[in-house]
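Chains as they are written, first to last, in numbering that gives the first Met the number 0: chain P, 0 to 399; chain D, 0 to 396; chain L, 0 to 238.
Please note that the accuracy of each hint is not assured.
[Unchecked claim] Straight line, CA to CA, 25 Å or less: simulated SDA-like cross-link-like pairs of lysine to any residue:
| no. | chain 1 | residue 1 | chain 2 | residue 2 |
| --- | --- | --- | --- | --- |
| 1 | P | K148 | D | R358 |
| 2 | P | K357 | D | S35 |
| 3 | P | K357 | D | L379 |
| 4 | D | K289 | P | V228 |
| 5 | D | K289 | P | G283 |
| 6 | P | K44 | D | L13 |
| 7 | L | K144 | P | R310 |
| 8 | L | K128 | P | S2 |
| 9 | P | K44 | P | A279 |
| 10 | D | K366 | D | A378 |
| 11 | L | K144 | D | S35 |
| 12 | P | K390 | L | R86 |
| 13 | P | K44 | D | P37 |
| 14 | P | K148 | D | E392 |
| 15 | P | K148 | D | R261 |
| 16 | L | K144 | P | G5 |
| 17 | D | K386 | P | E362 |
| 18 | D | K289 | P | A66 |
| 19 | L | K128 | P | T324 |
| 20 | L | K28 | P | D392 |
| 21 | D | K289 | P | S227 |
| 22 | P | K44 | D | S30 |
Calculated from the structure, these hints are not laboratory results.
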Amino acid sequence: MISLAGRDILHSWGKFVFTGVGLGLLIGVTLTMAGVYRGMVDDAKVLLDNSGADLWVVQQDTLGPYAEPSSLYDDVYRTILGMPGVDRAANVTYLTMQVRQGERDVRAMVVGVVPGGPGEPGQPGYLIAGRQITRGHYEAVADIATGFKLGERIQIRRNHYAVVGLTRRMVSSGGDPMVFIPLKDAQEAQFLKDNDAIAQQRRRTASNPAFNRPGTPGLLDAVLASQSVNPYINAVLVQVKPGFIPEEVAEPIRRWKRLQVYTRAQMEEILIGKLISTAAKQIGMFLVILAIVSAAIVAFIIYTLTLGKIREIAVLKLIGTRNRTIAWMIMQQALGLGLIGFVVGKISATFWAPIFPKYVLLEPGDALLGFAGVQVICALASVLAIRAALKVDPAEAIGG
Amino acid sequence: MKFLSINRRMLALLAVVLPLLALLIYVALRSGPFASIPVTVTTAESRSIAPSLFGIGTVEARYTYRIGPTVAGRIKRVEVQVGDRVEAGQLLGEMDPVDLDDRIASQDAAVKRAESVVLAAGAQVREASARKSYAENQASRYEQLLHARSVSEEAVEGKRQERQVTEAGFAAARANLDAARQELARVRSDREGLIQQRANLRLIAPVRGLVAARNADPGTTVVAGQSVVEVIDPASLWINVRFDQLRVSGLRAGLPVQIVLRSQEGIRFAGRVLRLEPIADAVTEETMAKVTFDALPERLPPVGELAEVTVAMSALPATPVVPNASVQRVDGRLGVWLIVEDKLRFAPINLGATDLDGRVQILDGLKADERVVVYSQRALGPRSRVKVVERLEGVSP
Amino acid sequence: MADMAGKGIRIEGLRKRYGKGDTALDALKGVDMQVAPGEVVGLIGPSGSGKSTLLKCLGAVIEPTAGRMTLGEEVIYDNGWKMPDLRALRRDRIGFVFQAPYLIPFLDVTDNVALLPMLAGRANAESRKRALSLLEALDVAHRAKAMPSQLSGGEQQRVSIARALVNRPPVILADEPTAPLDSERALAVIRILNQMALQYETAIIVVTHDEKIIPTFKRIYHIRDGKTQEEAGEGRAFE
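I would like the entire structure built from these sequences, with the hints used as guidance.
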């Protein structure tokens with residue numbers, strides 16, 4: 000027995016492949032949309048993974064440091080280091096701002112890390128070029144998504160930094176690439192403004208009679224000095240000793256130190272559940288609609304392809320082809336179309352995903368799910384067409 | 000002939016299908032879970048590194064002399080401008096003496112008066128002394144006459160009494176003279192004091208140096224202790240450097256340093272660590288040290304300019320050394336990823352010192368000549384498959 | 000007349016009623032027909048006479064209401080189908096030739112014909128051999144590998160005849176096979192049908208109103224108002 004489906008495909012292969020490619024692009028768009036969604040969630044997860052922390056200590060009653068601003072004194076980490084179960088604690092600051100390089104500026108999340116050496120919480124876990132920060136000032140490690148290269152000088156607020164290392168996939172939950180600089184420089188960048196603003200501030204303070212008393216000569220200088228010092232950080236990242244459960248280490252800190260502490264699971268909940276949930280839902284809804292539309296289009300295409308063969312189907316039935324054979328021909332064609340469409344879709348999604356400005360994560364699980372979904376939709380669509388085909392009265396082949 | 004027509008169509012279809020399948024397989028291998036992660040490796044070599052310390056400091060003058068009045072007053076004149084060079088003892092300015100000159104003059108008059116009083120008291124002493132001598136002579140003559148019974152007792156008593164009176168008068172006159180002398184000394188001291196005070200109103204440069212600041216202009220009222228002129232010795236410039244406390248082991252006086260001034264970025268000046276401050280900054284967690292220039296720069300940097308100081312420490316004995324990008328923390332332990340027979344293995348290590356170029360000593364856990372992963376396209380795990388490449392994509396040399 | 004016993008097709012008292020009750024329509028009111036193997040008979044009637052209904056009953060496409068149909072040695076209908084698998088019946092025992100060739104456009108000429116034996120379960124190679132021999136007999140073997148769209152109308156018609164014959168059915172039903180053709184080709188088709196009928200011992204019923212070929216039949220059945228009437232034809236020889 001020859002394959003009727005195969006012969007039909009071979010005979011009008013151009014139409015078939017063309018339809019398959021069109022279908023494939025549609026499937027590719029759907030897969031990419033799923034990838035955008037997954038990419039957003041992955042951005043959030045990667046942010047948590049990259050910080051290398053088991054616990055995040057932030058200002059009391061805030062959801063910081065990513066979802067809400069949080070301010071702590073920078074000596075808080077000393078008391079945390081003394082708590083049971085704490086292996087390492089390091090200060091960290093986060094500020095999303097424009098980083099200038101030459102003529103252009105790039106939006107990045109500037110992370111202030113303690114330059115204590117590799118493996119400290121907050122430091123990038125792995126590099127793709129260069130080295131980690133060794134000097135306590137004016138060095139930076141940037142993510143490759145910023146477009147900076149090794150050796151370039153970048154400007155953050157008032158200081159210039161030399162890019163000494165590059166990383167990959169170090170991004171904020173919003174997808175902005177990260178730039179790591181020493182903590183003290185970051186503290187200065189976060190709270191000190193540019194020179195004009197500082198001059199203004201000094202002038203204002205000097206004209207305030209409370210600070211500029213003639214009888215106390217050192218007062219104004221002391222006040223100005225205190226204004227140009229920033230003792231705040233955004234969070235303390237904590238790694239717990241092996242063998243300790245993070246939640247158990249967190250609870251005493253919460254209770255006795257009047258600070259808020261989040262474990263990894265809670266941070267994920269905050270980031271994914273609160274910070275990106277709206278955007279994620281938006282994309283999720285669009286994905287669902289896209290999937291439904293794709294399904295409808297696939298069904299329509301297969302139905303139309305079948306209807307175009309109604310005459311042949313009637314003849315086949317008349318000359319004695321079994322219903323089963325006819326149904327199988329239609330279903331095979333639908334599944335084959337689905338296969339071509341999926342292959343084209345997966346390939347095109349893989350090739351155009353890196354072009355997107357934010358991370359698109361195409362998971363193999365999604366691809367398999369997509370494949371199964373496409374085949375199921377094609378099969379169901381072919382059922383409609385098969386019903387139409389089987390309803391055909393072979394007597395119609397006989398005129399009059 | 001039979002096969003040709005079918006084959007042409009088959010070929011056309013295959014020409015579309017096969018590349019598609021090939022692309023699919025390529026995609027699955029490159030980006031799916033089967034993909035291997037590109038990494039670059041280096042060989043751990045045994046070498047000695049010379050760690051350096053890096054700190055940021057400000058240029059300061061070793062001694063800053065803040066010259067000002069010791070009492071509140073108004074500034075009468077300031078003789079110098081910022082940037083003037085002054086000698087020791089040079090007059091820099093003067094406070095308004097107000098009534099001090101008049102008081103000195105009045106005190107002069109008081110001194111003169113006291114001198115006159117002393118003269119008068121001296122004359123009185125002489126007069127009292129003469130009287131006393133006469134009375135004594137009289138008294139002794141009359142006593143002789145009493146022996147000779149020439150005079151009465153009464154007369155002798157009278158003369159004795161006179162003698163006592165004049166003695167007392169003499170003592171009083173002497174006391175008066177002493178008082179007048181003391182009084183003279185007192186007004187003279189007062190006058191000295193006023194003159195000292197007057198001298199105090201002159202602002203004098205204590206040493207030879209450079210005027211660094213002129214904080215108040217003539218006519219300004221200043222309080223005691225407020226500085227009017229600041230003088231520094233430009234030859235005594237040093238740099239107050241702050242080092243992060245995490246890295247300062249091995250820092251001690253005498254180590255050679257390289258100094259880069261912010262305004263002269265291309266030039267490295269040589270210097271030396273003068274001393275380590277015994278008191279560190281507890282708030283910023285920095286250790287402070289003073290660094291001097293071996294030879295002062297031609298163009299003196301202004302006080303307060305930022306300088307980057309790199310301290311070269313002595314080279315350490317050779318140990319296996321890896322780039323610091325290789326060191327990662329996995330499951331709470333520090334270590335490096337090794338390539339052993341094309342497979343990935345995590346080796347926990349103990350770190351030693353690092354140098355400023357990112358080379359880090361491995362004290363134990365690694366031997367020289369082992370292949371260590373430096374850069375990887377993605378985070379590595381114990382089950383990752385890796386592929387050694389020359390350079391990661393997207394990174395230009 | 001050839002010996003009829005056990006061969007050809009025979010219909011007795013065939014009735015077909017559409018609908019029920021008041022709106023019922025009797026399309027066939029007792030039709031009798033028989034065609035011997037090797038015979039080519041004409042079935043002539045105006046539209047509405049029940050011609051198509053009769054053809055559909057003969058082709059086992061619709062179920063008659065009453066009567067008896069015998070095909071070869073088997074009774075296929077006797078007031079109810081006696082065959083469980085009508086499709087197999089159509090495939091193996093009845094051949095169809097239509098007004099239009101109705102070839103499957105995505106199969107080449109050989110496979111269009113070989114499809115029927117393949118559907119019947121025969122091996123592909125054998126089916127094709129059979130098909131080829133028929134194509135040779137019909138003088139279209141030189142187009143064996145062509146696609147239907149590449150053939151002329153007459154060639155396509157000949158291929159469809161080959162398809163009708165390939166399973167050696169005892170009866171072939173031809174519905175207006177010459178309607179679109181000119182007289183020369185029409186006679187050619189009738190000549191082929193007669194040839195094939197004799198060669199393969201098939202009974203052929205040709206439904207037609209084509210004046211050009213009616214003179215060629217030796218026997219004609221007229222159908223009017225659901226009843227047939229046999230009549231002798233001219234049986235003119237072919238030019």
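Hints versus structure:
Restraint check for K148 (chain P) and R358 (chain D): the C-alpha separation of about 21 Å stays at or below 25 Å, so the hint holds. Among the hinted pairs, K357 (chain P) with S35 (chain D) is consistent with the structure: their alpha-carbon atoms are about 23 Å apart, no more than 25 Å. Restraint check for K357 (chain P) and L379 (chain D): satisfied, since their Cα atoms lie roughly 23 Å apart, inside the 25 Å limit. Taken as a hint, the K289 (chain D) and V228 (chain P) pair is honoured in the structure, with Cα atoms around 22 Å apart against an allowance of 25 Å.
A threshold of 25 Å between alpha carbons decides the hint, and for K289 (chain D) with G283 (chain P) the separation of about 61 Å lies outside it, so the pair is violated. In summary, the hint linking K44 (chain P) to L13 (chain D) is not supported, as the alpha carbons are separated by about 43 Å, beyond the 25 Å threshold. Between K144 (chain L) and R310 (chain P) the alpha-carbon distance is near 23 Å, which keeps this suggested pair within the 25 Å criterion. With a CA separation close to 18 Å, the supplied pair K128 (chain L) and S2 (chain P) stays within the 25 Å bound.
Of the pairs offered as hints, the one joining K44 (chain P) and A279 (chain P) holds, with about 14 Å between alpha carbons and a cut-off of 25 Å not exceeded. The suggested pairing of K366 (chain D) with A378 (chain D) holds, with an alpha-carbon distance near 24 Å, which does not exceed 25 Å. Simply put, K144 (chain L) and S35 (chain D) have alpha-carbon atoms about 50 Å apart, too far for the 25 Å limit, and the pair is violated. In summary, the hint linking K390 (chain P) to R86 (chain L) is supported, as the alpha carbons are separated by about 15 Å, within the 25 Å threshold.
A hinted pair counts as satisfied when its Cα atoms are at most 25 Å apart, and K44 (chain P) with P37 (chain D) qualifies at roughly 22 Å. The hinted pair formed by K148 (chain P) and E392 (chain D) meets the criterion: a straight-line CA distance of about 13 Å does not exceed 25 Å. Note on K148 (chain P) and R261 (chain D): the hinted pairing holds, with a Cα-Cα distance of about 24 Å set against a maximum of 25 Å. Between K144 (chain L) and G5 (chain P) the alpha-carbon distance is near 17 Å, which keeps this suggested pair within the 25 Å criterion.
Proximity of K386 (chain D) to E362 (chain P) is assessed by CA-CA distance (about 21 Å); at most 25 Å being required, the pair is judged to hold. For the given pair, K289 (chain D) sits about 44 Å from A66 (chain P) by alpha-carbon distance, which is inconsistent with the 25 Å threshold. Restraint check for K128 (chain L) and T324 (chain P): satisfied, since their Cα atoms lie roughly 23 Å apart, inside the 25 Å limit. In summary, the hint linking K28 (chain L) to D392 (chain P) is supported, as the alpha carbons are separated by about 24 Å, within the 25 Å threshold.
Taking the CA atoms of K289 (chain D) and S227 (chain P), the gap is about 23 Å. The hint holds against a cut of 25 Å. For a cut-off of 25 Å, the pair hint linking K44 (chain P) to S30 (chain D) stands: about 19 Å separates their Cα positions.
Checked against the numbered hints above, the structure breaks hints 5, 6, 11 and 18 and satisfies the rest.
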